[in-house]
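Based on the provided sequences and hints, a complete structural model is requested.
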Amino acid sequence: MEKILEVKDLNISFHTYAGEVKAVRGVSFDLHRGESLAIVGESGCGKTVTAKSIMRLLKEPPAEIKPGSQIIFDGKEDIVKMNRKRLKSFRGADVSMIFQDPMTSLNPTMTVGKQIMETLQIHKGMNKTEAKKEAIELLKIVNIPNPEVRINNYPHQLSGGMRQRVMIAMAISCNPKILIADEPTTALDVTIQAQIMDLLNELKDKFNTAIILITHDLGVVANFADKVQVMYAGEIIERGTREEIFYKSMHPYTWALLNSVPRLDTESKQELYSLGGTPPDLILPLKGCAFSSRCEYAMEICLERKPETTQLSPTHSLCCWLQHPDAPKVNRSEVVRGEING
Amino acid sequence: MAKENLVEVVNLKKYFNVGKNKVLKAVDDVSFNIKRGETLGLVGESGCGKTTCGRTILGLYDATDGHVYFDGKDVHAMGKKDKLNFKKDAQMIFQDPYASLDPRMTIGEIIGEGMDVHFNLSNKEREERINELLHTVGLNQEHASRFPHELSGGQRQRIGIARALTVEPKFIVCDEPISALDVSIQAQIVNLLIKLQNEMGLAYLFISHDLSMVKHISDRVGVMYLGSIVELAPSANIYKKPLHPYTKALISAIPIPDPKIEDTRKRIKLEGEVPSPINPPAGCKFNKRCVYAMDKCSQITPELKELEKDHFVACHLY
Amino acid sequence: MEAIPKDKFRRVEIDSKEAEKMARPQISYWQDAWRRLKTNKVAILSLIILFLIVIMSIIGPIISGYEYEEVDPKSLNQPPSSEHWFGTDELGRDLFSRVWQAGRVSIIIGITGALISAIVGTIYGGIAAYFGGKVDNIMMRIVEILYSIPYLLVVILVSIVTDSKSLGSMLIALTLTGWCGTARMVRGQMLQIKSQEYIMAAETLGVKPSKIIIRHLIPNVLNVLIVSISFSIPNYIFSESFLSFIGLGIQPPNTSWGALASAAQQKFIFYPYQLFFPGLMIALTMLSFTLLGDGLRDALDPRLRE
Numbered sequence: 001m002e003k004i005l006e007v008k009d010l011n012i013s014f015h016t017y018a019g020e021v022k023a024v025r026g027v028s029f030d031l032h033r034g035e036s037l038a039i040v041g042e043s044g045c046g047k048t049v050t051a052k053s054i055m056r057l058l059k060e061p062p063a064e065i066k067p068g069s070q071i072i073f074d075g076k077e078d079i080v081k082m083n084r085k086r087l088k089s090f091r092g093a094d095v096s097m098i099f100q101d102p103m104t105s106l107n108p109t110m111t112v113g114k115q116i117m118e119t120l121q122i123h124k125g126m127n128k129t130e131a132k133k134e135a136i137e138l139l140k141i142v143n144i145p146n147p148e149v150r151i152n153n154y155p156h157q158l159s160g161g162m163r164q165r166v167m168i169a170m171a172i173s174c175n176p177k178i179l180i181a182d183e184p185t186t187a188l189d190v191t192i193q194a195q196i197m198d199l200l201n202e203l204k205d206k207f208n209t210a211i212i213l214i215t216h217d218l219g220v221v222a223n224f225a226d227k228v229q230v231m232y233a234g235e236i237i238e239r240g241t242r243e244e245i246f247y248k249s250m251h252p253y254t255w256a257l258l259n260s261v262p263r264l265d266t267e268s269k270q271e272l273y274s275l276g277g278t279p280p281d282l283i284l285p286l287k288g289c290a291f292s293s294r295c296e297y298a299m300e301i302c303l304e305r306k307p308e309t310t311q312l313s314p315t316h317s318l319c320c321w322l323q324h325p326d327a328p329k330v331n332r333s334e335v336v337r338g339e340i341n342g
Numbered sequence: 001m002a003k004e005n006l007v008e009v010v011n012l013k014k015y016f017n018v019g020k021n022k023v024l025k026a027v028d029d030v031s032f033n034i035k036r037g038e039t040l041g042l043v044g045e046s047g048c049g050k051t052t053c054g055r056t057i058l059g060l061y062d063a064t065d066g067h068v069y070f071d072g073k074d075v076h077a078m079g080k081k082d083k084l085n086f087k088k089d090a091q092m093i094f095q096d097p098y099a100s101l102d103p104r105m106t107i108g109e110i111i112g113e114g115m116d117v118h119f120n121l122s123n124k125e126r127e128e129r130i131n132e133l134l135h136t137v138g139l140n141q142e143h144a145s146r147f148p149h150e151l152s153g154g155q156r157q158r159i160g161i162a163r164a165l166t167v168e169p170k171f172i173v174c175d176e177p178i179s180a181l182d183v184s185i186q187a188q189i190v191n192l193l194i195k196l197q198n199e200m201g202l203a204y205l206f207i208s209h210d211l212s213m214v215k216h217i218s219d220r221v222g223v224m225y226l227g228s229i230v231e232l233a234p235s236a237n238i239y240k241k242p243l244h245p246y247t248k249a250l251i252s253a254i255p256i257p258d259p260k261i262e263d264t265r266k267r268i269k270l271e272g273e274v275p276s277p278i279n280p281p282a283g284c285k286f287n288k289r290c291v292y293a294m295d296k297c298s299q300i301t302p303e304l305k306e307l308e309k310d311h312f313v314a315c316h317l318y
Numbered sequence: 001m002e003a004i005p006k007d008k009f010r011r012v013e014i015d016s017k018e019a020e021k022m023a024r025p026q027i028s029y030w031q032d033a034w035r036r037l038k039t040n041k042v043a044i045l046s047l048i049i050l051f052l053i054v055i056m057s058i059i060g061p062i063i064s065g066y067e068y069e070e071v072d073p074k075s076l077n078q079p080p081s082s083e084h085w086f087g088t089d090e091l092g093r094d095l096f097s098r099v100w101q102a103g104r105v106s107i108i109i110g111i112t113g114a115l116i117s118a119i120v121g122t123i124y125g126g127i128a129a130y131f132g133g134k135v136d137n138i139m140m141r142i143v144e145i146l147y148s149i150p151y152l153l154v155v156i157l158v159s160i161v162t163d164s165k166s167l168g169s170m171l172i173a174l175t176l177t178g179w180c181g182t183a184r185m186v187r188g189q190m191l192q193i194k195s196q197e198y199i200m201a202a203e204t205l206g207v208k209p210s211k212i213i214i215r216h217l218i219p220n221v222l223n224v225l226i227v228s229i230s231f232s233i234p235n236y237i238f239s240e241s242f243l244s245f246i247g248l249g250i251q252p253p254n255t256s257w258g259a260l261a262s263a264a265q266q267k268f269i270f271y272p273y274q275l276f277f278p279g280l281m282i283a284l285t286m287l288s289f290t291l292l293g294d295g296l297r298d299a300l301d302p303r304l305r306e
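Protein chains in written order, with my numbering: chain A, 1 to 342; chain B, 1 to 318; chain C, 1 to 306.
FYI, nobody ran anything at the bench for these hints, they're computed from the structure. Owing to the predicted nature of the structure, the values given are computational and were not obtained by experimental measurement.
Straight-line distance between alpha carbons at most 25 Å, and here's what the computed DSS-like set of lysine-lysine pairs gives: (1) B/260 / A/248; (2) A/66 / A/88; (3) B/88 / C/211; (4) A/52 / A/177.
Structural data, given as C-alpha cells:
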C-alpha cells in the first residue's frame with residue numbers, strides 16, 4: 001500500500017493579541033491508500049487544526065504553518081507549498097472533508113441537488129444534465145431513499161442524518177483519495193450514528209478512499225479505525241494499530257481516556273477514573289512533557305525534559321519517560337480496567 | 001413522616017400548537033416517580049421529549065394535562081410562597097456550558113444570584129459561601145472574579161453545578177449536562193455529581209441521549225420514544241435484559257470501546273428516520289420501524305405494564 | 001541515549017488544582033471591545049473627528065472674538081478672511097461663531113433625541129419581549145402602526161400643531177415616533193437572548209422578572225443599543241436640520257446647522273461659503289457617527305472575538 005499522505009514535522013501557530021498560540025507542535029504521521037486513521041483527543045489538542053491544514057483551510061494569518069513543515073501528497077506534491085490555483089483543483093477533488101454540524105455546513109438557500117452538482121461541475125467539468133444524473137447516483141450510494149425527489153429538497157427539509165449523508169455524497173463525488181471526517185457523528189443520535197459509520201466503512205472498501213476520522217468517541221474508534229493516534233496539547237503522544245491502542249497502550253493519558261469511558265457492561269455508580277485539571281493553555285511554552293501537570297506517574301524528569309519516542313513495535317510508538325529503563329515499572333493491567341484486555 | 005417519593009409524575013402531557021391543526025406532542029402521557037436520594041435516568045434520541053419533560057416538571061412550562069407532585073404538592077397549582085420554596089428545593093443544570101452562563105456577569109455574581117433570592121446574607125457570609133461552593137466543585141477562589149468566556153467548557157459546567165447548589169436543593173434536573181464536553185471532562189463532572197449526591201442526599205433526574213453514561217449514574221432508567229416511556233427498569237436490567245425492541249436497538253447501536261467486542265457483535269439495524277412528534281403515528285409510535293410489528297401495533301397504543309419486579313414495558317409483544 | 005541521573009525518576013506530587021490556574025490576563029468584554037476598536041483605523045479617525053467637532057462647538061464661539069448674534073452692517077456677506085475665518089452672513093454676523101454655536105444646538109438635539117428614543121425604546125421593547133404572548137402582540141402592533149407613518153410627516157405635523165418653537169417641543173416632535181425602530185430592534189435582540197439557557201437558569205432560581213430584565217436582558221443588549229444610538233444620532237441631526245431648513249425648527253437669533261443652510265441656500269450661487277460650512281459640518285458629523293457605528297458594531301459583536 002503506497003503512502004498517500006506524509007506529514008513531516010508539522011508546526012502550526014496562531015498569532016493572537018495575547019501572544020502566539022502553538023496549536024500543533026511537531027506532528028508527523030503517514031497515511032496509506034484505503035487506510036482509516038483515527039485521531040483522538042480532547043478539545044484544543046490540535047486535531048482539527050491538523051486536519052484543516054491538510055486542506056489548507058486555515059486562514060493564514062492569523063494561522064501560520066511554520067517553515068520546515070511538510071505535508072506530502074501522493075509522494076509528489078507538498079500541500080504546504082501549493083499555490084492558489086493548485087489548491088482550487090486540489091480541494092474537493094483530491095482531498096475532501098465532512099464536518100461536524102451538517103446544518104451549518106450546507107447552504108440553506110440552495111437545494112441539496114444543486115450543491116452536489118456544483119462540485120461536479122467545477123471539478124469534473126460536467127454539464128447540468130450529466131451532473132444531475134450523477135448527483136442522483138451519489139444520493140443512492142449514500143442510501144438516501146427517493147433520491148429523485150430528495151434532490152430538490154432544501155437542507156432544512158432533511159433530518160440531521162440525511163444532511164450528513166448529503167455532505168458525504170458531496171465529499172465523495174469526485175472520488176477523493178483522502179476523506180477527512182471531523183467529528184461527523186457527534187451531533188447525531190446514536191442510531192443514526194451507527195448508520196453513518198456503516199456507510200463510511202462501505203465507502204472505504206468500495207472506493208479505496210483513505211479516511212482520517214477525528215473524534216473523541218472511543219467507541220466509534222473501536223468500530224472503525226485501522227490505526228489510531230492520540231493527541232495531547234498539539235503533539236501525538238501515542239500511536240498504533242487499533243488493537244495496540246486498546247489492549248497494549250502504555251501512555252498514562254491513553255489509559256486515562258480508556259478508563260474515563262463508562263461501558264454498558266460495567267458496574268454502575270463506581271467512580272469513573274477522571275483526570276484532574278484541564279489541558280494546558282497552548283500559549284505557554286511547555287517545559288518537559290505537556291501531560292506532566294496532570295499525570296499520576298509524573299517524575300522529576302517529566303517536568304524538565306520532553307520524553308523521547310519509544311518504538312514498541314513497527315506500528316506502535318509513544319513519548320513517555322516511563323519507557324526509560326531507569327523508570328519505575330507500571331503494570332498496565334493494574335491501571336486499565338479489567339474489561340479492556342486483549 | 002416525609003413521603004418516600006419526592007417527585008411524582010402522573011399522566012403528564014405537554015403539547016405545543018405549531019400551526020393550523022398541527023400539534024406537537026412533546027410529552028404524551030408520561031408517569032414515573034423519583035425517590036429521595038435516587039437518580040432516575042431518562043434516555044432517548046432527539047425529539048423524544050425528555051428535555052421538555054424535565055422543564056415541565058420544574059414548572060418552566062405549564063402542563064397541558066396531568067400532574068407533577070413535589071413532596072406531595074402539585075407543582076403547577078402552587079401559590080406564590082410555595083412556588084418560591086419549590087424553586088429552592090428543585091434546581092436545574094443545563095446542557096450548553098456556553099449559553100447557560102450570562103456572559104456579562106462575573107462568576108461570583110452568577111453564583112451569588114441564587115443566594116440573594118432565597119437567603120439574607122451579609123457581604124462577608126456571601127463571599128465565604130461563594131468560595132466554599134467554588135471549592136466544592138473543584139475550582140479556586142480566583143475564578144470568582146473571572147468571566148465565563150475565560151473558562152473552559154468543563155469549568156463552566158462546574159459553575160452551573162455550583163449555581164444550582166447555592167440554594168441547597170433536594171432535587172436537581174440534569175438536562176444533558178455532559179453532552180457538550182470531552183470524554184475525560186465528562187468523567188469529572190459525573191464523578192462530581194455522584195459525590196454530591198452521596199454527601200447531600202440529592203435526587204437527580206438525569207436526562208441524556210448517552211445510554212452508557214445514563215446507565216452508569218442512574219439507579220433506574222426510563223427509555224423515551226416520541227414522547228412516551230417505552231421501558232422503565234433498574235439500570236442493570238436495561239442492559240442485561242432489555243425487553244422493548246427500541247431499547248434493544250438503542251443498546252445495539254452504542255459502540256463499545258473494545259475492538260474485539262465490536263468486531264464480533266451483531267447489530268440490530270434500525271431502518272429509517274425518527275418520525276416527527278407532530279401528528280405521530282397511531283397506535284404504538286414505534287410500529288413503523290419495528291421488526292416485530294403486528295397489526296395490533298398500528299391500532300392500539302400499548303400500556304406500560306410491570307412485567308417483572310420494577311421492570312415496566314409498553315409493548316404488545318408482552 | 002545520554003545518561004540521566006537515576007534520581008530524576010522519582011515520583012513527583014501533582015496538584016491538579018495547579019492545572020486549573022488561569023494563564024491569561026483578565027480581560028473583560030469592554031476591554032476586549034476597546035482593543036478591537038483600536039485596530040479599526042477608520043473608526044478611530046471618526047472618533048477623533050467627532051471629538052474635535054465637539055470641542056470646537058464648545059470653544060468655537062468663544063475663541064472667535066465675535067458674538068454669534070453680533071450684527072455688523074459694514075461687513076455684509078464677506079468671504080472667508082483672516083478677520084472672519086468662515087466669512088460673514090447677510091447681516092454681517094461672523095459665520096465661524098455661528099457655525100459652532102449652531103453645532104452646539106445640532107449636536108445636543110442629535111444626542112438627546114437618540115438617548116430619549118433609546119431609553120423609551122429599550123423599556124418598551126424589553127417589556128414586550130419578556131412577557132411575550134398577547135402583551136407582545138398588542139405592543140408590537142402599536143409600534144408597527146406608529147412606524148408606518150412617514151417620520152418626517154409626523155415631525156412636521158407635530159411641530160405645526162404645538163406651534164411652539166422651543167427646544168422641548170421640537171424634541172417631542174422628533175422623538176414621538178423615533179423610538180419605534182429602537183423598540184423593534186431591542187425586542188428582537190431580547191427575544192434571542194430570552195431563549196438562552198442562562199435566562200431559564202435565573203427563572204429556575206426564582207429571580208423576579210423585573211430583576212431578570214434589568215440584570216440579564218438589558219446588559220446583554222447594550223452592545224446593539226450602543227451601535228443603534230451611534231447610528232441614530234446622525235438621523236436626528238438630519239431631521240432637525242430638515243425641520244430648520246423648511247422653517248419649522250430653530251428660530252433666529254438661535255441657530256442650528258440646518259437653519260444656517262436654509263438661510264444660505266437662496267444666495268448660494270453668490271456666496272457659496274455660507275452654505276458650504278454648515279453643510280460640511282452636517283455631512284462630516286453624520287459620516288463620522290456612521291463610520292464609528294460600523295466600527296463599534298464589529299468591536300462589540302461577541303461572535304467576532306478572538
